Amino acid sequence: MKTIYILWLRQLKRYIRSKSRIVGSLAQPLLFLLALGYGLGPVFQKAGQGNYIEFLAPGIIGMSIIFTSIFYGLEIIWDRQFGFLKETLVAPVSRFNIMIGRTLGGATVATVQGVIVFFISMLIGFRPVSFVMIPFAVLFMLLVAILFSAIGITIASLLDDMQGFQLIMNFLVMPLFFLSGAIFPLQNVPGVIEKIAMFDPLSYGIDAFRQLLVSISHFGLMTDLVVLAAVTLFFLSLGSYFFSKVQI
Amino acid sequence: MDVIKVENLTKKFDDFAAVDHISFDVAEGEIFAFLGPNGAGKSTTIKMLTTLLAPSEGSIELNGYNPINDSNAVRRSIGIIFQDPSLDDELTAFENMEFHGVLYGIPKKVRRERIKQLMEFVELWDRKNSLVKEFSGGMKRRLEIARGLLHHPKVLFLDEPTLGLDPQTRNHMWSYLQELNKAKRTTVFFTTHYMEEADRVAKRIAIIDHGKIIASGSSAELKAQTKTESLEDAFLALTGKVIREEEGSNLDRMRMFRKARGK
Chain A
1 MKTIYILWLR QLKRYIRSKS RIVGSLAQPL LFLLALGYGL GPVFQKAGQG
51 NYIEFLAPGI IGMSIIFTSI FYGLEIIWDR QFGFLKETLV APVSRFNIMI
101 GRTLGGATVA TVQGVIVFFI SMLIGFRPVS FVMIPFAVLF MLLVAILFSA
151 IGITIASLLD DMQGFQLIMN FLVMPLFFLS GAIFPLQNVP GVIEKIAMFD
201 PLSYGIDAFR QLLVSISHFG LMTDLVVLAA VTLFFLSLGS YFFSKVQI
Chain B
1001 MDVIKVENLT KKFDDFAAVD HISFDVAEGE IFAFLGPNGA GKSTTIKMLT
1051 TLLAPSEGSI ELNGYNPIND SNAVRRSIGI IFQDPSLDDE LTAFENMEFH
1101 GVLYGIPKKV RRERIKQLME FVELWDRKNS LVKEFSGGMK RRLEIARGLL
1151 HHPKVLFLDE PTLGLDPQTR NHMWSYLQEL NKAKRTTVFF TTHYMEEADR
1201 VAKRIAIIDH GKIIASGSSA ELKAQTKTES LEDAFLALTG KVIREEEGSN
1251 LDRMRMFRKA RGK
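Residue numbers (our numbering), protein chains in the order written: chain A, 1 to 248; chain B, 1001 to 1263.
Here chain A stands alone, though its shape is the one from the complex:
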């Protein structure tokens, strides 16, 4: 338990100390909210879909969570390059605990980012339908963050250096985000896009945020929860397996 706590604490400290990274990672969602929200808002309204900022904000919260949690999962590669991973791996601690500590650390950071983006979107005009549902939305944020931290750790366990980082961003994270229904409704999209979105776990996370924050849902909250929980468990197991095989 203490091991998990100290690993979690380490990631939080690293997060709080990296001021420039915090600012950088908040600039991007803000840009998306402003450019897409205000730029496409009138078109969205004309098409009879209502307020676009309201639709978009949960998607951008999802974006900041997936970016942050995958990034913090991949941090293991940095630790490997800067040698700190060795210090953890020669300690008399089970690999499973190390994996869990890191996953929770990355997930907590990503959830904090998600909550900050939520407040930023309120500043530019987003209004949740009910404040009672916000704690539940935060719980879903945590679930999504755990899922993508685990995916990040799974990938990091298989990579030796950061050269694969751009590849992961362009071929995994970006498609997961753009095809998740974060920026457009999944109703009435071409069948292929809808099928792809169905296999993108982020779709269910964003769908849950939308249901809880603005009462719009495509899949239904129960489906969201079941799918997210199942996929999270799957990647936690896969990540622990690969991480247990890591050699220095």
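Hint data in this document are derived by calculation from the structure and do not stem from the laboratory.
Below are the DSSO-like pairs computed for lysine-lysine, each with C-alpha atoms no more than 30 Å apart in a straight line:
1. B/Lys1182 to B/Lys1154
2. B/Lys1212 to B/Lys1012
3. A/Lys13 to B/Lys1140
4. B/Lys1108 to B/Lys1133
5. A/Lys2 to B/Lys1108
6. B/Lys1128 to A/Lys13
7. A/Lys2 to B/Lys1116
8. A/Lys13 to B/Lys1133
9. A/Lys19 to B/Lys1133
10. B/Lys1005 to A/Lys245
11. A/Lys2 to B/Lys1184
12. A/Lys2 to B/Lys1128
Bear in mind that the values here come from a model prediction, so they are computed numbers and not experimental data.
We have chain A already, so just place chain B on it with the hints.
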């Protein structure tokens, strides 16, 4: 009593044997130097002894435990100072120590006492709240040594611990390690490229080349065996004067890469 027993230890990367059927023992309380040119198999051997790498063949017994079946018992028995720094730069010196102490399950009160005592010894206590990234190479090394000793290991592994240190720090470090060796009978297993250092502190020396141990004994025995005046000459007489692959670590990385792809 032998605290390290190694028999026929082998590590193969594909067809290449980085460590090739080596056997040796290290007695409890001994200071043992493990010497060899770059790429000879020193680091690979240390990784196997410290549970970081599984051997392809052969057996290891460390403090009575097997690194494969009893890896946590082995990990509790050893302290390691790695060749490359292994501190978290974004944490303070104290936090790095604290992190280590918690991972090794040292109770809070004992942990805090020992951290203070060790950090005072390496003269870093007044810098305890500085981030490690502000430290010089020598300060980082000293902190790593303090950290490696925090859980009172039976065997201390040092992989080129004095690389890049000035003579002052080097002397200070060795006099502390020798003191510790006497007082607590901590076994010290180290590698180095500074022959005079091995000559001065090691009770016994083993020389490894191309994955095989080619000579072992006290410094005097090695000199006598090769009819040379200094350990450096003895070393060159045994291993030849050809310059080896410059970067052992790059070689290692390449091997790991190949291995990861192969699986």
